[in-house]
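Chemist: Two chains, each in its own frame: build the complex with the hints.
Chains Z and P supply the protein sequences, listed in that same order.
For what it's worth, my numbering labels the leading residue of the first sequence as 1, then goes sequentially.
For what it's worth, my numbering labels the leading residue of the second sequence as 1, then goes sequentially.
Treat the hints as calculated values from the structure; they're not laboratory data.
Hints are supplied without guarantee of correctness; some may be wrong.
[Stated by the list, open to error] Calculated pairs, DSS-like style, for lysine-lysine (alpha carbon to alpha carbon, straight line, at most 30 Å):
| no. | chain 1 | residue 1 | chain 2 | residue 2 |
| --- | --- | --- | --- | --- |
| 1 | Z | LYS9 | P | LYS9 |
| 2 | P | LYS57 | Z | LYS9 |
| 3 | P | LYS57 | P | LYS15 |
| 4 | P | LYS22 | P | LYS73 |
| 5 | P | LYS22 | P | LYS57 |
Nothing here was measured: the structure is a model prediction, and the numbers come from that model.
Here is what each chain is made of, one letter per residue.
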Amino acid sequence: NAGVTQTPKFQVLKTGQSMTLQCAQDMNHEYMSWYRQDPGMGLRLIHYSVGAGITDQGEVPNGYNVSRSTTEDFPLRLLSAAPSQTSVYFCASSYSRDAPSADSPLHFGNGTRLTVT
Amino acid sequence: AQRVTQPEKLLSVFKGAPVELKCNYSYSGSPELFWYVQYSRQRLQLLLRHISRESIKGFTADLNKGETSFHLKKPFAQEEDSAMYYCALSGQPTSYDKVIFGPGTSLSVIP
Chain Z
1 NAGVTQTPKF
11 QVLKTGQSMT
21 LQCAQDMNHE
31 YMSWYRQDPG
41 MGLRLIHYSV
51 GAGITDQGEV
61 PNGYNVSRST
71 TEDFPLRLLS
81 AAPSQTSVYF
91 CASSYSRDAP
101 SADSPLHFGN
111 GTRLTVT
Chain P
1 AQRVTQPEKL
11 LSVFKGAPVE
21 LKCNYSYSGS
31 PELFWYVQYS
41 RQRLQLLLRH
51 ISRESIKGFT
61 ADLNKGETSF
71 HLKKPFAQEE
81 DSAMYYCALS
91 GQPTSYDKVI
101 FGPGTSLSVI
111 P
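Just chain P, same shape as in the assembly (with noise of 0.2 Å):
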């Protein structure tokens, strides 16, 4: 079964801490993963893709296919960084699901 995991679900950083959001997930094909990110009274958009292999706001993610890992780094965290940020896998459609979200791990940057 398709299955995403964000195993922190609360996350806090000092300014200028390297951060690192975990997300695992258990899928059988080649599956596209995503971050998407909640700021604040603002709506979920997404953050960046795998596939693209880019740097958004500082940001990146490496997917490894033998850890099936899909962890979001930043080497030096901004107090603008403080947000709910959700890890999702696309592939495949099962019976009923086209992208699954992880539960979301809340990120707090201490000033």
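One chain only, chain Z, in its complex shape (with noise of 0.2 Å):
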């Protein structure tokens, strides 16, 4: 059981170049989301999903698209990469479709380290 893999765990970047970061989670998740993650401002909810198939914007959502096909992978795709983007990413999942709760927490993935230049 590894729980939320994301790969990869650094990369770098040019200006306009286009990439995806990829999650996947091993315990038949229905939620699952992306933040990023910036000194002084916490961790920002980008897009998640309620389950496959379901994909909602969340409070950072500009420059970034993402798809659920099946329940286990919830990838994050970078169109044009922009130094705003630099950022460590975080993919993190919870067993209940509605709102993580209390008997819900978030699992999260270790973090994907991105620097655009």
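Modeler: Dropping the structure here:
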């Protein structure tokens, strides 16, 4: 049972390049989400999904796309990277289809450190 | 609007001293509050949740609805407590947020 797995761990992109951050979970969790972590700003929600085929925007969705074709995978795509997207990205999942709760807290991946030059 | 504030970005205490990490929230309904912790080179993980009224690694947190606070406390800090701590709130979904995190407090325990 690997939990939430993110790849890659580190990535450097040039402005304008595109890439996909991978996230997979093996816990049969319905809810998956992507956060970015920036100093002094905590974790901000980018996109989330409450099940296969269902996605929705979070607080800071611009510049990012997601899809949820399976329960296990929730990739995050940067279509045209910008320096403002330099950040640490975390994928998280929880069992509950509804908002993560006390009975169904978030489980996090190890993060992807992205630098855009 | 839902909001979580953690007024201290950095907090340094000596080993053995009491520690309190502050968390305040604004929320119109009945929130669920959590503390998540990130140790160096480890993933974010749940430390404790208010509904369980539990003590994890010596830490406790009481939800004070009157003061809208959920401060994290430990009577005697240990070096291994040095980490980044995030207060988080979950409840009725807004237009986009399922779980809101505060900005985090970096705790440093001085030997």
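Chemist: Check the structure against each numbered hint from earlier and tell me which ones fail, lowest number first.
Modeler: none
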